[in-house]
Amino acid sequence: MRVLLVEDDDLIGCGIEAGLRQAGFTVDWARDGHKAGLALDTTVYALVVLDLGLPRVSGMELLKRLRDSGKDVPVLVLTARSTVLDRVGGLEAGADDYLGKPFDLTELIARCRALLRRAQGRSVEQIRYLDLTVNPAAQTVEVGTRRVPLTSREWAILLQLLTNQGIPQSRSRLEESLYGWQEEIESNAIEVHVSNLRKKLGAKLIKTVRNIGYVMEKE
Amino acid sequence: MGASIRRRLALLVLASIVLMWGIALVSSYRQATREVGEWEDARLAELAQILALLDQRNLSTLANARIDVREEERHGEPGANDNDDDDSLPRDALFQVRGRSGEVLAGSPQLRELGAWDLPVPVASGARDITLGGQMYHSFTLRDTLLGHTVRVFELANTRSDLVSGVASRIARPTLIALPVLAVLVWFSIGWSLAPLRVLSGAIRARDVNRLEPVDIGRAPTEVRPLVDAINLLLSRLLHSLERERAFTADAAHELKTPLAAIKVQAQVALAETDKARQRLAMERVVQGVDRSARLAEQLLLLARLDVHEKMTAAPLKPAVVAKNALLANERSAQQKNIHVTLTGDMRAEINAEPVLIGILLDNLLDNAIKYGRAGGSIEVAVQHAEDRIQVTVRDDGPGVAPGDLDRLTNRFFRATGNQATGSGLGLSIVARIAEHFGASLRLGKGIGERGLAVEVSFPAYTQAS
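Each protein sequence line maps, in turn, to chains A and B.
Letter 1 of the first sequence, counting from 1, is numbered 1 in the numbering used here, and no numbers are missing.
Letter 82 of the second sequence, counting from 1, is numbered 82 in the numbering used here, and no numbers are missing.
Please note that a few of the clues may not be correct.
[Claimed, not checked] Result set (DSS-like, lysine-lysine): computed pairs, CA atoms no more than 27 Å apart in a straight line:
#, chain 1, residue 1, chain 2, residue 2
1, A, Lys35, B, Lys257
2, A, Lys35, B, Lys276
3, B, Lys276, B, Lys264
4, B, Lys318, B, Lys257
5, A, Lys200, A, Lys218
6, A, Lys64, B, Lys324
7, B, Lys324, B, Lys276
8, B, Lys257, B, Lys324
9, A, Lys35, A, Lys71
10, B, Lys264, B, Lys446
11, B, Lys324, A, Lys35
12, A, Lys35, A, Lys64
[Said to hold, decoys possible] Non-contacting residues of chain B with respect to chain A, defined by C-beta distances greater than 12 Å in every case (computed):
#, residue
13, Leu25
14, Ala270
15, Ile448
FYI, nobody ran anything at the bench for these hints, they're computed from the structure.
Cβ coordinates follow ideal geometry from the N, Cα and C atoms, glycine included.
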């Protein structure tokens, strides 16, 4: 799950980045509204965590632009201005959730998960697929009753395919969900991770779509 | 009981009236006394003329009878039935008539008792007052050249003339009745005139702290208008400063939340982190966050104090000396970034200011220059004496500030784009506030070699006269 974090404060930014990474997200961190706008134009994000008090382009402006361009990526707004009026304004401008500073990191992550769940049309955290039981919050996968340990990369690919059932995911799309801006992309990594997943969870689970990528068919 | 305008005005007005009436009364009384005196003299002269015409026999008869002047007065005034002003005691006129050679032809016997029988006769005719038997008498002397008689008439001087006191009481009575009525009228008139003041105080008393819009008491009289205007001016100033304070509190709360959020996030990252090195890094960031909020709190307090103290004690001081101290205080952080700091210019130039605050000003400027300057770069601090101004300039050769941000740099809590250093965004607004306190102007521009930022604070130069 690739998340865009937009935060101008260094200390808060690197904290949230570390927290989201711990929770298994891939994080891109933009320090101002302008850079965030560029990132949103070029990359597909599962979620945006947006601080409103930004230099250059304000968070609110960025949010309006995002919604005007028709993107419905879930947006969680962070701000130190947390009066009712501020919250209403933010929600009306297209925010999906609101968190006032100082916030609890675990709450932030829980809310991020909830937003993702809602975006994927689920109401419970667990995803069931054939004999798989996947818990994104706990980052656990069970085949029947047997728990299968996964690496973070394998985990990210599985989640990407599971949350986009029936839609083939290209290699580059999968890479995007795996690597943040600073990370080196290993050339044949996707194939390696997919074959590992097949070994761990069953060969039939992930189908190869020729010349496109991979897909998990709808149940 | 406090001073009351109403009571004072009423007293002053009534006292003035009583004084003027008193003066009028006294002068009328004197006038009346004089007129009565003249009239009495005229009557004595008339009596003397009658006596001069009488013969010896009649004079002798008359001498043994009494002449009551009151009778004379009544006969003299035909319609004078009212005896209001008549004297209550008998007033006898005494006379003496002498012949050509000075022998006494006739005279009132009482004159003998008074020892005035052989009184020398004045040469000239006319009225004069003489003392007989210890009492004042009006006398009139008439020399009749035709008969050769000299007539003298005496009458007890009527010092407490009932006529005069009657006139006086007639003048005084209405004023005595009028005075209390006037007092009541004055009292209520003044009260009514002061009503706008009561309305105004009512309007002000009805206010609470949150209602600071201008007082409106309708059409105020010209005397009250300036008071209303002054109060409204005060209210608008109060409102302005209250709004500023509220905005400041809101901004301050907002700014304090940011480092708190950072501390909390970093602490939670450290708690969840299993990797020792990363945990340590997160804990170091917690410490950074605490330092930042401490500095922020310090600066907020300073700004609040600067806002409160309208008047600061000022003394002549050399900015170069203060700058040198600031340089020493920031030496370590400059060395850490390998920044070379120089101090040049007029070392003896003096300004009139408060040394601790100027120290804070220069410390903030240096701190900013080091924080936002280029590692391995240089910073110039210069003190220049230009005409009647002393310019203190701090220049760096760092990345500088975008032209669009330059104007907003002194705004409270504003932090320019893309700077990596942690700051509160209060440093320059503190500088601006201190500069304002000592009549200095602040100018921001390009730094060393058209790079970086230059902050120039221009103080009025201190001279012996100022």
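Results for each hint:
1. Lys35/A to Lys257/B: 24 Å, holds
2. Lys35/A to Lys276/B: 32 Å, violated
3. Lys276/B to Lys264/B: Between Lys276/B and Lys264/B the Cα gap is close to 19 Å, so the pair holds against 27 Å.
4. Lys318/B to Lys257/B: With a Cα-Cα distance of about 39 Å, the restraint between Lys318/B and Lys257/B is violated, given a limit of 27 Å.
5. Lys200/A to Lys218/A: Roughly 20 Å separates the two Cα atoms, so the pair holds.
6. Lys64/A to Lys324/B: 51 Å, violated
7. Lys324/B to Lys276/B: 43 Å, violated
8. Lys257/B to Lys324/B: With Cα atoms ~35 Å apart, Lys257/B and Lys324/B exceed 27 Å; violated.
9. Lys35/A to Lys71/A: 17 Å, holds
10. Lys264/B to Lys446/B: 38 Å, violated
11. Lys324/B to Lys35/A: 41 Å, violated
12. Lys35/A to Lys64/A: 16 Å, holds
13. Leu25: About 79 Å separates Leu25/B from the closest Cβ of chain A, which puts it past 12 Å; holds.
14. Ala270: Per Cβ check, Ala270/B is inside 12 Å of chain A; nearest 9 Å; violated.
15. Ile448: Its Cβ never comes within 12 Å of chain A, the nearest being 25 Å, so this holds.
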